[in-house]
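Q: Now for the letters of each chain:
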Amino acid sequence: MIEVKNLHKSFGDAHILKGISNTFEQGKTNLIIGQSGSGKSVFLKCLLGLYDYEEGSIEYNGEVFANLSEDKKRDMRAKIGMVFQGSALFDSLTIEENVMFPLRMFTKLKKDEMRERASIVLKRVNLEDAHKKMPSEASGGMQKRVAIARAIVNNPKYLFCDEPNSGLDPKTAIVIDNLIHEITEEYNITTVINTHDMNSVMEIGDSIMFLKDGLKAWEGSKKTIFKTDNKIVTDFVYSSNLFKKVREAVLKEQG
Amino acid sequence: MQYLNNIGTYFLMIIELFRKPTKWSVMRHLILKDIDDLIIGSLGIVSFIAFFVGGVVTIQTALNIDNPLIPKTLVGFATRQSILLEFAPTFMSIIMAGKVGSFITSSIGTMRVTEQIDALEVMGINSLNYLVFPKLVAMAFYPFVISIAMFLGIIGGLTACVYGGYSSVDDFITGIQQDFQPFHIVYAFIKTFLFAFVLATIPSYHGYYMKGGALEVGEASTTSFVWTSVTIILLNYLATQLLLS
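Chains as they are written, first to last, in UniProt numbering: chain A, 1 to 255; chain B, 1 to 245.
None of these hints come from the bench; they were simulated from the model. Idealized CB from N, CA, C, for every residue including glycine. Hints are not guaranteed to be accurate.
Simulated pairs of lysine-lysine, BS3-like, Cα-Cα distance not exceeding 27 angstroms [claimed, not checked]:
id: 1; chain 1: A; residue 1: 132; chain 2: B; residue 2: 211
id: 2; chain 1: B; residue 1: 23; chain 2: A; residue 2: 45
id: 3; chain 1: A; residue 1: 132; chain 2: B; residue 2: 23
id: 4; chain 1: A; residue 1: 79; chain 2: B; residue 2: 23
id: 5; chain 1: A; residue 1: 133; chain 2: B; residue 2: 23
id: 6; chain 1: A; residue 1: 108; chain 2: B; residue 2: 23
id: 7; chain 1: A; residue 1: 157; chain 2: A; residue 2: 72
id: 8; chain 1: B; residue 1: 211; chain 2: A; residue 2: 108
id: 9; chain 1: A; residue 1: 110; chain 2: B; residue 2: 23
id: 10; chain 1: B; residue 1: 23; chain 2: A; residue 2: 111
id: 11; chain 1: A; residue 1: 45; chain 2: B; residue 2: 211
id: 12; chain 1: B; residue 1: 23; chain 2: A; residue 2: 72
id: 13; chain 1: A; residue 1: 72; chain 2: B; residue 2: 211
id: 14; chain 1: B; residue 1: 33; chain 2: A; residue 2: 45
id: 15; chain 1: A; residue 1: 111; chain 2: B; residue 2: 33
id: 16; chain 1: A; residue 1: 111; chain 2: B; residue 2: 20
id: 17; chain 1: A; residue 1: 157; chain 2: B; residue 2: 23
id: 18; chain 1: A; residue 1: 157; chain 2: A; residue 2: 110
id: 19; chain 1: A; residue 1: 18; chain 2: B; residue 2: 211
id: 20; chain 1: A; residue 1: 133; chain 2: B; residue 2: 20
id: 21; chain 1: A; residue 1: 110; chain 2: B; residue 2: 99
id: 22; chain 1: A; residue 1: 231; chain 2: A; residue 2: 252
id: 23; chain 1: A; residue 1: 157; chain 2: B; residue 2: 20
id: 24; chain 1: A; residue 1: 73; chain 2: B; residue 2: 20
id: 25; chain 1: A; residue 1: 111; chain 2: A; residue 2: 72
id: 26; chain 1: A; residue 1: 79; chain 2: B; residue 2: 20
id: 27; chain 1: A; residue 1: 123; chain 2: A; residue 2: 133
id: 28; chain 1: B; residue 1: 33; chain 2: A; residue 2: 110
id: 29; chain 1: A; residue 1: 231; chain 2: A; residue 2: 212
id: 30; chain 1: B; residue 1: 99; chain 2: A; residue 2: 108
id: 31; chain 1: A; residue 1: 252; chain 2: A; residue 2: 227
id: 32; chain 1: B; residue 1: 23; chain 2: A; residue 2: 73
id: 33; chain 1: B; residue 1: 72; chain 2: B; residue 2: 23
Here are some of the chain B residues that sit facing chain A, going by a computed Cβ distance under 7 angstroms [to be verified]:
id: 34; residue: 12
id: 35; residue: 15
id: 36; residue: 16
id: 37; residue: 26
id: 38; residue: 116
id: 39; residue: 119
id: 40; residue: 124
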């Protein structure tokens, strides 16, 4: 579980995060949604410890990340998996070496054991035959799946995804969404996803936080988002006619 | 003010790259890869340039000696001095700022743009140590490259001299042995080590701290070449003043 309390972050005079509090629960797919410039990426980078913040706290299972010693921070980071928007695979390494990378850095496993572990997770993301390929030889969807495999190979407790569906076709996007959701439940990890994709919201949003202008404007789930009458949320989520019709149909069905 | 900020950040980067070292089993591979990319990969172009520039230095010297009172051995002497003192360590380092420096800046810059450096940081890896330290260690072998440049420069001079008919082999060899001061070799290699440090760190700085996209990677490579060359020229002046005057 990750608990964020009253988080403030500024860049010079620009106050980006204006006191956000939220709890991201274990075993659930937690989504952060909001317009571009609402502070989602900054919030995620604060959670990951890539940005320092001025006020507030971030607790990982009761431990305040900022107060940890360097060694404990390093141990904590070994428990974090991250899927970047552009996958961020290491160009000079093969797909198998990319997946083995966290194991090489944080474990004392032998090479054969690392290979075996990499094979298991590559199979889990349906990439059994891609071990020796270079990232440049893989499609966008394959690269995302490799990034997910790399993120979960060391059995993380926390999984962060920054726009995992960006640049993917709708079919592949659904595959990636379902994969993340299944892995979250299977490994009982705390997953936080930063997304613009409304399909993801409807499909896998166990918990949803809506950010607007650096503030939490709404929180709920894929079930409650249809019923909300919060105008800020409905203007954003149901901006397309398709989703308006989906909402009307769902509400009609629920009476 | 921005210049002071950049200089300060550069020195902080130097300190940071020695902290939180990467596991030796991983670092060993990175060092070997960088030795291959930066040192072995440069030998071809260095050998080619050194051989032919050595020849040109000899021809220019020979053509400018038209006084019969000046001994023919001067051609070999002047070639040796030019190549050992300046051409091999300094001129070759400026060429390497273009070849190795641009490679370092663009490879690290691309990693920055594609969030690969963020991926390392998220995993708790000191990305500066992981990326820059192996390059610094690899560049410790740079004097080997310069030794080859010295040797081939003189061989190029000898070849041009003999085949161009400017002097005999004996005169040239006598010339390159004339008034030889071993300290000149020490001076050349002190400069080489300084330039190796500059060649590893300034391009890394420009790649690591760049912001933007693909266009900015290109701009960072150009800026890196300019500042690496300027620093080499300034250090060359200071080292010469301190060590030879």
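Q: Taking the hints in turn, state whether each one holds.
A: For each hint, the structure was consulted:
1. A:132 / B:211: Violated, because 32 angstroms separates the two Cα atoms, which is more than 27 angstroms.
2. B:23 / A:45: Since the Cα atoms of residue 23 (chain B) and residue 45 (chain A) sit roughly 26 angstroms apart, the hinted pair holds (cutoff 27 angstroms).
3. A:132 / B:23: OK: residue 132 (chain A) and residue 23 (chain B) at ~24 angstroms, within 27 angstroms.
4. A:79 / B:23: Given that 27 angstroms is the threshold and the Cα spacing comes to 18 angstroms, the pair holds.
5. A:133 / B:23: Judged against 27 angstroms, a Cα distance of about 25 angstroms means the pair holds.
6. A:108 / B:23: OK: residue 108 (chain A) and residue 23 (chain B) at ~10 angstroms, within 27 angstroms.
7. A:157 / A:72: Holds, at roughly 15 angstroms.
8. B:211 / A:108: violated, 36 angstroms
9. A:110 / B:23: Given pair residue 110 (chain A), residue 23 (chain B) holds - Cα atoms ~14 angstroms apart, limit 27 angstroms.
10. B:23 / A:111: holds, 15 angstroms
11. A:45 / B:211: holds, 17 angstroms
12. B:23 / A:72: At roughly 17 angstroms apart (the allowed maximum being 27 angstroms), residue 72 (chain A) and residue 23 (chain B) satisfy the hint.
13. A:72 / B:211: violated, 30 angstroms
14. B:33 / A:45: Violated. Residue 33 (chain B) to residue 45 (chain A) sits at ~31 angstroms, over the 27 angstroms cutoff.
15. A:111 / B:33: holds, 19 angstroms
16. A:111 / B:20: With Cα atoms ~23 angstroms apart, residue 111 (chain A) and residue 20 (chain B) stay inside 27 angstroms; holds.
17. A:157 / B:23: holds, 23 angstroms
18. A:157 / A:110: Cα-Cα ~23 angstroms, so holds.
19. A:18 / B:211: holds, 26 angstroms
20. A:133 / B:20: violated, 31 angstroms
21. A:110 / B:99: Violated. Residue 110 (chain A) to residue 99 (chain B) sits at ~37 angstroms, over the 27 angstroms cutoff.
22. A:231 / A:252: Between residue 231 (chain A) and residue 252 (chain A) the Cα gap is close to 19 angstroms, so the pair holds against 27 angstroms.
23. A:157 / B:20: holds, 23 angstroms
24. A:73 / B:20: holds, 12 angstroms
25. A:111 / A:72: holds, 26 angstroms
26. A:79 / B:20: holds, 18 angstroms
27. A:123 / A:133: Holds, at about 15 angstroms.
28. B:33 / A:110: Within the cut-off at roughly 21 angstroms; holds.
29. A:231 / A:212: holds, 12 angstroms
30. B:99 / A:108: Roughly 37 angstroms separates the two Cα atoms, so the pair is violated.
31. A:252 / A:227: Judged against 27 angstroms, a Cα distance of about 11 angstroms means the pair holds.
32. B:23 / A:73: Roughly 17 angstroms between the alpha carbons, so the hint for residue 23 (chain B) and residue 73 (chain A) holds.
33. B:72 / B:23: Between residue 72 (chain B) and residue 23 (chain B) the Cα gap is close to 58 angstroms, so the pair fails against 27 angstroms, i.e. violated.
34. 12: Check failed: Cβ of residue 12 (chain B) comes no nearer than 16 angstroms to chain A, outside 7 angstroms.
35. 15: Result: violated, 15 angstroms to nearest chain A Cβ.
36. 16: violated, 13 angstroms
37. 26: holds, 6 angstroms
38. 116: Nearest chain A Cβ about 5 angstroms off; hint holds.
39. 119: Holds. Min distance 4 angstroms.
40. 124: With a minimum Cβ separation of about 3 angstroms from chain A (threshold 7 angstroms), the hint on residue 124 (chain B) holds.
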